[in-house]
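2 protein chains.
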Amino acid sequence: MRIVLIAAQSLDGFITRHDEPGTAFTSPEDKAHFRAALAGFDACLFGSGTYRVSRVFIRAQFPDHPLRVVLTRSPERFAADAVPGKLEFTSAAPAAIADDLRSRGIQQCALLGGSHAHSLFLDAGLVDEIWLTIEPLLFGGGTPLLARHANLRLELQSVERLGAHPLLLKYRVSR
Amino acid sequence: MRIVLIAAQSLDGFITRHDEPGTAFTSPEDKAHFRAALAGFDACLFGSGTYRVSRVFIRAQFPDHPLRVVLTRSPERFAADAVPGKLEFTSAAPAAIADDLRSRGIQQCALLGGSHAHSLFLDAGLVDEIWLTIEPLLFGGGTPLLARHANLRLELQSVERLGAHPLLLKYRVSR
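From first to last, the protein sequence lines are chains A and B.
Going by our numbering, the first sequence opens with residue 1, and the numbers climb by one from there.
Going by our numbering, the second sequence opens with residue 1001, and the numbers climb by one from there.
Hint data in this document are derived by calculation from the structure and do not stem from the laboratory.
Just so it is clear, CB atoms sit at the ideal spot from N, CA and C, and this is done for glycine as well.
Worth double-checking, as some hints may not be accurate.
The following residues of chain A were derived to be distant from chain B, with all beta-carbon distances above 12 Å [unchecked claim]: (1) 4; (2) 17; (3) 49; (4) 100; (5) 101; (6) 105.
Cross-link-like lysine-lysine pairs, in silico, DSS-like; alpha carbons within 25 Å at most [said to hold, decoys possible]: (7) A:31 x A:170; (8) B:1086 x B:1031; (9) B:1170 x A:31; (10) B:1170 x B:1031; (11) B:1170 x A:170; (12) B:1031 x A:170; (13) A:31 x A:86.
Below, a sample of chain B positions facing chain A; criterion: calculated Cβ distance under 8 Å [claimed, not checked]: (14) 1053; (15) 1054; (16) 1149; (17) 1155.
Please model the entire structure based on the sequences and the hints provided.
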């Protein structure tokens, strides 16, 4: 199973503009890329912060969309939202989550934020690729791409212009 | 006079690796690009923190190199190092520094960090372009590209691969 971290950030590395939750800052070109890219995945992983921001949108997408797994310390708090096989909540460790998804036949898994989820899976050595949209913006503050110190080397796979100014960079995580 | 911010950062926006001063993390390809790019400038601006880290290197380059202006709150502390027309220290505001350089016939000025110097000149609307090397690294912490919140829109001018994995992105700052 391949795990791909998919995110959009300002040039200076912030996945939110200052304290604004969500990704209202991203370009129409990135939004179109994101929708198209997700069609290639049979599972998505994200944190409960991301779930809270996008809850209405995520729940409106049943039943067409693939398995979504929300990382939370308190899965019981989301029991009313859970739909097994469609929308699940877990406090398991990254390796256990990956094993479970693999055992269920998932082959392509997207990791969709936020910074804590990124760090959790990167620190566990479970992220194979990073697909990062660089918006032509400088924020000087906001939620960083990663929640914790890291020291990871990447291999640039491709560079694509999404329209005039946003860039899509794809990297493989070096082992 | 054109002012170009030239920097190298990790993919997630840090111009130092964690608390390590300097830019030991940058690739040989970026170092070569940086040397070649500087040859096109007749003045360089940087903060006193950058000066302290690179003092021996900077002073070893007399007399071939262009005017270097160091931004500091206490120019008098550096009086022994100052060489008028070669290495100057100033506590003047960005607009006054730019006016002074312009009046002396400077046409191409490079802004070389650190994050406080970047924010000072960007906030004053004095930066025309940003030439940013993106190293294929994730640090999750370090000195950010900017020292303060900003909300700036850029225009992507060019994308160049510096070898296999580092990227050189050139942006114009939108007015």
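message: For each hint given before, does the structure comply? Return the numbers of the non-compliant ones in rising order.
response: 2, 14 and 15
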